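Undergrad: The lines below spell out each chain.
Protein chains: 2
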Amino acid sequence: MAQSLRVGIAGLGTVGASVVRLLDQQKDILAARCGRAIVVTAVAARDRTRDRGIDLGGLQWYDDPVALADAPDIDVFVELIGGENGPAKKAVETALRAGKSVVTANKALIAHHGEALAHLAEERQVALSFEASVAGGIPVIKTVKEGLAGNRISRISGILNGTCNYILTRMEKESLSFKKCLKQAQVLGYAEADPTFDIDGYDTAHKLTILAALAFGVDVNIGAVYVEGIRSIDAFDIRMAKKLGYRIKLLGVAERSESGIEQRVHPTMVPDDSPIARVMGVTNAVNIQADAVGELTLAGPGAGGDATASSVIADLADIARGLVSPPFGAPAASLGRSIQEPMQVHEGGYYVRLTVADQPGAAASIVTSFADLGISLESIIQNRSEDAAQLDPAGRSGAPVPVVVITYATTEQAIRSAVDKAIAEGYVVEKPQVIRIERE
Amino acid sequence: MAQSLRVGIAGLGTVGASVVRLLDQQKDILAARCGRAIVVTAVAARDRTRDRGIDLGGLQWYDDPVALADAPDIDVFVELIGGENGPAKKAVETALRAGKSVVTANKALIAHHGEALAHLAEERQVALSFEASVAGGIPVIKTVKEGLAGNRISRISGILNGTCNYILTRMEKESLSFKKCLKQAQVLGYAEADPTFDIDGYDTAHKLTILAALAFGVDVNIGAVYVEGIRSIDAFDIRMAKKLGYRIKLLGVAERSESGIEQRVHPTMVPDDSPIARVMGVTNAVNIQADAVGELTLAGPGAGGDATASSVIADLADIARGLVSPPFGAPAASLGRSIQEPMQVHEGGYYVRLTVADQPGAAASIVTSFADLGISLESIIQNRSEDAAQLDPAGRSGAPVPVVVITYATTEQAIRSAVDKAIAEGYVVEKPQVIRIERE
Chain A
1 MAQSLRVGIA GLGTVGASVV RLLDQQKDIL AARCGRAIVV TAVAARDRTR DRGIDLGGLQ
61 WYDDPVALAD APDIDVFVEL IGGENGPAKK AVETALRAGK SVVTANKALI AHHGEALAHL
121 AEERQVALSF EASVAGGIPV IKTVKEGLAG NRISRISGIL NGTCNYILTR MEKESLSFKK
181 CLKQAQVLGY AEADPTFDID GYDTAHKLTI LAALAFGVDV NIGAVYVEGI RSIDAFDIRM
241 AKKLGYRIKL LGVAERSESG IEQRVHPTMV PDDSPIARVM GVTNAVNIQA DAVGELTLAG
301 PGAGGDATAS SVIADLADIA RGLVSPPFGA PAASLGRSIQ EPMQVHEGGY YVRLTVADQP
361 GAAASIVTSF ADLGISLESI IQNRSEDAAQ LDPAGRSGAP VPVVVITYAT TEQAIRSAVD
421 KAIAEGYVVE KPQVIRIERE
Chain B
1 MAQSLRVGIA GLGTVGASVV RLLDQQKDIL AARCGRAIVV TAVAARDRTR DRGIDLGGLQ
61 WYDDPVALAD APDIDVFVEL IGGENGPAKK AVETALRAGK SVVTANKALI AHHGEALAHL
121 AEERQVALSF EASVAGGIPV IKTVKEGLAG NRISRISGIL NGTCNYILTR MEKESLSFKK
181 CLKQAQVLGY AEADPTFDID GYDTAHKLTI LAALAFGVDV NIGAVYVEGI RSIDAFDIRM
241 AKKLGYRIKL LGVAERSESG IEQRVHPTMV PDDSPIARVM GVTNAVNIQA DAVGELTLAG
301 PGAGGDATAS SVIADLADIA RGLVSPPFGA PAASLGRSIQ EPMQVHEGGY YVRLTVADQP
361 GAAASIVTSF ADLGISLESI IQNRSEDAAQ LDPAGRSGAP VPVVVITYAT TEQAIRSAVD
421 KAIAEGYVVE KPQVIRIERE
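Protein chains in written order, with UniProt numbering: chain A, 1 to 440; chain B, 1 to 440.
Same shape as in the complex, but just chain A:
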């Protein structure tokens, strides 16, 4: 049997501890599958005394991840520190420069510096693998890079953030407010103390742009992603979506258009009988549309120590088997510029909720505003008796009532203009809610 693959791991949080434990637990299976052993020989973390539930005896300990990255007696550096800059970036660069392969779960690092790091890895002919950076335990990067190698992908979309999906699921199932669900998610450890990164869509955007680069052969460009989070989603919207046969999900969508690549993250109404609508709780799912295969859907755990470790170990196994390919499939130098399709030209159906003073003429004014922009309405719902009562228990006339408009396919530009026009008419008394609909 060939020499062992010597692994150094920087960062011993939940994922790091799982990697150490699983590599030991599955060592026989892995050795059989890879033709050589995969052995952790060194680790770097701040606190030497913390009990992580794993045996670190016999491992070399580094306080500085950069020193570990440069250590001559490791073959692969596993970066589980996190953060787009700082020690994570420095350590990864150091390892690549030293001719070591790198495995990372760091989506921020790859989304911001993926291309530069890919150049570095390709120069040294080592691997830079990041399966764990997107959709936790789902092997979606391997699927896109290798499993669909012969496909021209036209669209890749999915539920890529378990925190948001958990919150939206609970809001629906238990008719709770966004705030209440967020608090419960924090108590249960599904959301961070500062949840901004997850609930405002940035986490999804990072993952999406990595997938887009792989799927379309373009540069990773986090700046090209339109991002909207789920903070504005109201219990009323969730209820209304249900009534209309939809469910609200935070989707990341990257698709080819005629003029470029559209990348967007926003709350989306999807038909409640679609596969993506059925993905509940912290589960992630990715849907891929491509010319040869047609449509493929992968669903599984988007987070969690062991699930994420599963992806880290898959990357290590590929490296142990000697597989080194360009990090983004095609060589970094060949990646095209991603042309950002401005959100204004996005086409689709829309759900628009306008809260108006309950006066004669209010609904008519809204309908006119949309008609003037040439937008065809599928329905307009003014459910005063029940839904308005939720906003104003007295149900008195003149109190604000929500008017919901569902449109046929139109453009973002037209919707924005129609909403502005409706506001100018003077009836709208609250910030309008606009949710995009994906019917396919």
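I should point out that these hints are in silico values taken from the structure, not numbers from a laboratory.
As the structure is a prediction and not an experimental result, all values here were calculated from the model.
Please note: incorrect hints may appear among the correct ones.
No copy is singled out in the list; a pair is fine if it fits within one copy or between any two copies.
[What the hints assert, rightly or not] In silico DSBU-like links for lysine-lysine, alpha-carbon gap of 35 Å or less:
(1) Lys431 with Lys183
(2) Lys421 with Lys243
(3) Lys243 with Lys179
(4) Lys421 with Lys179
Fit chain B to the supplied structure of chain A, relying on the hints for placement.
TA: Chain B alone, transformed into the frame defined by chain A:
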């Protein structure tokens, strides 16, 4: 750029023609992703004159696939002839012996001779790849072999035959009989003129045993699979399943038990809100349960020229990148014997339909038969007024009526004994129907 990978294709049916067309169509993407071109240089097929909608000009033509397999100027032999023996087997053996990598979509060949062929491939250090043999365009073999390399898999199951799923879907949606749906599937090209292989479960069994070998590191052993098809499924069963909150699917299930590996293919009642129940029409889906990742589900096209070609090309791309690993993940010599868990010890819930003469005491006799075997019943349904009328429009007393029994978890052995006992009581007038329930 490295030398082109020269491919010889034997068999130019739907899949073969798609492979030729797609390799040409995606040649730029593939060259970028693999670092070298993949070029079809020779083909073997019987009829030189047939119009296949592809340009075969400039390709070397062989009438004999074995001669192509032995040709010195190809690097990879793609076998798309089909059949477990005959020219397919001979050609694949010839190619491997000549030190050429082989890609095949032939499930029967791999299910019957996979291990011997793997030994041959490993001896010559060439690839033997068969992604296209299971679940069409879904990259499930890559997922199990590579994506979940660090997992101990406990269960792999799925809808692996599009023909059966199409028939069951139509039976449910349109309340049609099995015979009528089969005929329509044949007209639409979803079922063969001789549909035995699909509808009696053998096709699913072939695919399942390949997955089991990969997932559990055991030999491919088609003889170890318990097989039951969908011929006996009645419109009544479909209706009753729906009433009870289930859907009937032909599932292949391979799972570790304490004493061995259970491999079984049979119609199964699954909860109608489970992900697998939602897979309709010709779509395939595979669910994997494993220690690190938890649960993973892949859904996509199980057949079709382009979708299957997508998998063939993914295998070619891996070979072009220089990836050669043992065909079943671990080396063939290390594969354990698969210990066939006899179906008698299978445990689970059951749906049993017994058609009895409508006489006092019939239902009581059935209940007693099950109670005597210690089987707990979740429900017993004797729906005379409506369902019996379907069997006997006159609805007269004494006419046969179906009695449906749903059990809690018990063993196959107990069910078989209870059914025999009920028959012995003399009330049962038709062949009993037994359908296993998977509640997880």
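Undergrad: With reference to the structure, classify each hint as holding or not holding.
TA: Consistency of the hints with the structure:
1. Taking the closest pair of Cα atoms, Lys431 and Lys183 come within 35 Å of each other only inside a single copy of the chain (24 Å); across copies the shortest separation is 57 Å, beyond that limit.
2. Proximity of Lys421 to Lys243 under the C-alpha cut-off of 35 Å is restricted to the intra-copy arrangement: shortest distance 27 Å within a copy versus 51 Å between copies.
3. For the homomeric pair Lys243 and Lys179, the shortest alpha-carbon distance inside one copy (22 Å) is at most 35 Å, but the shortest distance between copies (39 Å) is not.
4. In this assembly of identical chains, Lys421 and Lys179 lie within 35 Å of each other by CA distance solely inside one copy; the values are 31 Å within and 60 Å between copies.
In terms of the numbered hints stated before, the structure departs from none.
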